[in-house]
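Protein chains in written order, with our numbering: chain P, 1 to 265; chain E, 266 to 593.
The set of hints was computed from the structure by calculation and includes no laboratory data. Every residue, glycine too, gets a C-beta built ideally from N, C-alpha and C. A hint or two may mislead.
[What the hints assert, rightly or not] Non-contacting residues of chain E with respect to chain P, defined by C-beta distances greater than 12 Å in every case (computed):
id, residue
1, Gln277
2, Asp306
3, Gln313
4, Lys345
5, Arg358
6, Thr372
7, Asn401
8, Thr415
9, Arg466
10, Gly504
11, Arg515
12, Ile530
13, Ala548
14, Thr561
[Claimed, not checked] Here chain E is said to cover these stretches of chain P; the calculated rule only asks that three of the stretch's residues, wherever they fall, bring their Cβ under 8 Å from a Cβ of chain E:
id, region
15, 146–155
16, 242–251
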Amino acid sequence: MRKYLAFAANAFQRTLTYRFELWVELFINVLFMLIYVYLWKALYNGRSAVEGYDLTRILTYIVVSQTLLSFHFTLRIARVIEEKVRTGEVVTDLMKPIDFQLMLLATGVGTTFHTVLFNMLPKLLLFYVGLRLLLPGSILTVGVFIISVMLGFVILFNIEFLIGILAFWVVEIRGIYFAVIWGISWFFSGYFLPLEHYPDLLAKMAEYLPFQAIIYSPTAIYVGRITGSAMVGVLLIQLFWAVVLMGLGRFAYLAALRKLAIQGG
Amino acid sequence: MSIIKVEHLCKQFKVRERPAGFWRGLGGLFSRTHHIIQAVDDVNFTLQRGDMVGYIGANGAGKSTTIKMLTGILVPTSGKIDVMGLTPYQHRRQYTRRIGVVFGQRTQLWWDLPVMDSFELLKHIYEIPERTYKQNLAFFSELLQLDCLTSMPVRTLSLGERMRCDLTAALLHNPEILYLDEPTIGLDVVAKEQVRQFLQRVNAERQVTVILTTHDLNDVEKICQRLLIIDTGRIIYDGGIDALKQRYGRTRMLIVDLARAYSKIQIENVDVIRREGNRIWLAFDRDTISASEVITRVTAHYEIQDLTISEPEIEEIVRKIYQSGMTD
Chain P
1 MRKYLAFAAN
11 AFQRTLTYRF
21 ELWVELFINV
31 LFMLIYVYLW
41 KALYNGRSAV
51 EGYDLTRILT
61 YIVVSQTLLS
71 FHFTLRIARV
81 IEEKVRTGEV
91 VTDLMKPIDF
101 QLMLLATGVG
111 TTFHTVLFNM
121 LPKLLLFYVG
131 LRLLLPGSIL
141 TVGVFIISVM
151 LGFVILFNIE
161 FLIGILAFWV
171 VEIRGIYFAV
181 IWGISWFFSG
191 YFLPLEHYPD
201 LLAKMAEYLP
211 FQAIIYSPTA
221 IYVGRITGSA
231 MVGVLLIQLF
241 WAVVLMGLGR
251 FAYLAALRKL
261 AIQGG
Chain E
266 MSIIKVEHLC
276 KQFKVRERPA
286 GFWRGLGGLF
296 SRTHHIIQAV
306 DDVNFTLQRG
316 DMVGYIGANG
326 AGKSTTIKML
336 TGILVPTSGK
346 IDVMGLTPYQ
356 HRRQYTRRIG
366 VVFGQRTQLW
376 WDLPVMDSFE
386 LLKHIYEIPE
396 RTYKQNLAFF
406 SELLQLDCLT
416 SMPVRTLSLG
426 ERMRCDLTAA
436 LLHNPEILYL
446 DEPTIGLDVV
456 AKEQVRQFLQ
466 RVNAERQVTV
476 ILTTHDLNDV
486 EKICQRLLII
496 DTGRIIYDGG
506 IDALKQRYGR
516 TRMLIVDLAR
526 AYSKIQIENV
536 DVIRREGNRI
546 WLAFDRDTIS
556 ASEVITRVTA
566 HYEIQDLTIS
576 EPEIEEIVRK
586 IYQSGMTD
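Kindly generate the complete structure, drawing on both the sequences and the hints.
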């Protein structure tokens, strides 16, 4: 456990090296969030509520979901694995007494913690003060929200891990990465629009996919769309996906190792 | 006491053939043809604790494949590897704690971080006790003059500096065996010498068993007691360096600077193997003809300015073995 904490701390520190990039990213994020805010203000002009969302609630939803979307930008574990396989660095990792999957999870946590501190929290605070957004209903909701965010993070990590492991078989994973992470995951995660606004069929599909558990679930808890015992159900679904995807990742990784050991990669 | 035992080790790779040309390349999408490459072919050797062994061979001879099997990354197609009672591929995690590995072409340090942070991280990965860590760091810092390097990010280091740090990184956890894959590649003469002296000390003072692959035969000649030569997957020589010279180093070379140009040079039992202006290289077998006899014959027929006799270079010997195989 100690060694994985060290990995997380290390990744956190490495991210500190690229300070300028961070400021640029924060600036661009804020600009985009402003566009969404004005878009929704224009759409709600004269209306009181749509699908259970009044203006304050939809703005809160958009700000929180946009903030959580930052995980997609910072994690980049698939790209990290691809790079390790392409350069052969994966061999040096294999020669250390560590677990590859947990090592990358720790690295992801370190990098993301940095984003939480220097990108996500400032954004949330800025928009909260500027727009007088909703606060979670109770301290309990805050707690559940945080747990839900963490589970969502683990789910995203495992999806990225699975894509990354493909690099052991195919030279180029960028296409798959864009399709899954920036296409399917964004679409079904509900980052742009609450899933309640989706057509029935798509909303139903989203429900059965793991992607909604990354952004929609925690955000819906935050804005009070999911409350009471329903929150426990959502957490259990998230836990289910986290465990299943982690298991799949491990399975794929072991297969990749066998392939490497026999064919030399 | 033997530490590494390799028996009948073989490794085959299946290589997919990609036909050249567009149409045939397209056909290759549907049907695949494979051929088998025998990268390592019935390799046997035993190393004792504290040995320092050079493992050499041309590109593609099977060096790296052997090292990768010894370090547990590749699984042998057949044969057996026993290292300290462990089978590297099967007991990889346990095994990695007891070995150190350095790849000359690659670093195990973290590119963006100061060297010291990489060392600290390795301390946690290998769960090195604080005291051992401090002692080792002090020992290697002094030996490799790391003091002014450890606060610098790895990406700013020169190749020689980086290699010194990588050697330290591989030894912090007191490994019993150190595998080095071309540790001196790309280094200048001074840095190479530093690495060699360091390895010698580590081997002598800490009883670390060292296996190194290299293209630079000076590495082997200066620091290894034993030499393994591999060619097309097979060990073609296993023994001491002096014995190798004895056996294959019968050819001597006489380099002569002639006083004027001769159109034709012919001396019995001597081969003219190279000419450059008025300088000629003469090779002869010391068992057939003595050096003084060659000199006498040359001076009898030609006017000379200067001459030198050169000892057989191990490189020359090895090249000959590669070319001809192990024939006596």
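Hints versus structure:
1. With a closest Cβ-Cβ approach of about 9 Å to chain P, Gln277 of chain E is found to fall inside the 12 Å limit, against its non-interface label.
2. Listed as a non-interface residue, Asp306 of chain E keeps its Cβ farther than 12 Å from every Cβ of chain P; the least gap is roughly 16 Å.
3. Consistency note on Gln313 of chain E: stated as away from chain P, and its beta-carbon is indeed over 12 Å from all of that chain's, at 23 Å minimum.
4. Even its closest Cβ contact with chain P, about 16 Å, leaves Lys345 of chain E beyond 12 Å, as expected for a residue assigned away from the interface.
5. Remark: the non-interface label on Arg358 of chain E conflicts with the geometry, its nearest Cβ contact in chain P lying 5 Å away (cut-off 12 Å).
6. In this structure Thr372 of chain E is not separated from chain P by more than 12 Å, as the shortest Cβ-Cβ distance comes to only about 8 Å.
7. For Asn401 of chain E, the shortest C-beta to C-beta distance to chain P comes to about 17 Å, beyond the 12 Å cut-off, and the non-interface label holds.
8. For Thr415 of chain E, the requirement that its beta carbon stay farther than 12 Å from each beta carbon of chain P is met, with the minimum near 15 Å.
9. At roughly 24 Å, the least C-beta separation between Arg466 of chain E and chain P is larger than 12 Å, which holds for a residue marked as non-interface.
10. Here Gly504 of chain E stays apart from chain P, with its beta-carbon at least about 29 Å from theirs, past the 12 Å limit.
11. Interface exclusion of Arg515 of chain E from chain P stands, the closest Cβ pair being 39 Å apart, more than 12 Å.
12. A cut-off of 12 Å between C-beta atoms confirms that Ile530 of chain E is not in contact with chain P; the least separation is 51 Å.
13. For Ala548 of chain E, the shortest C-beta to C-beta distance to chain P comes to about 40 Å, beyond the 12 Å cut-off, and the non-interface label holds.
14. Every CB of chain P is more than 12 Å from the CB of Thr561 of chain E (nearest about 57 Å), matching its label as outside the interface.
15. With a threshold of 8 Å between beta carbons, the proposed coverage of the region 146–155 of chain P by chain E is violated, since 0 of its residues qualify and at least three are required.
16. Here's how the region 242–251 of chain P fares: 0 of its residues keep a CB closer than 8 Å to some CB of chain E, so the rule of at least three is not met and the hint is violated.
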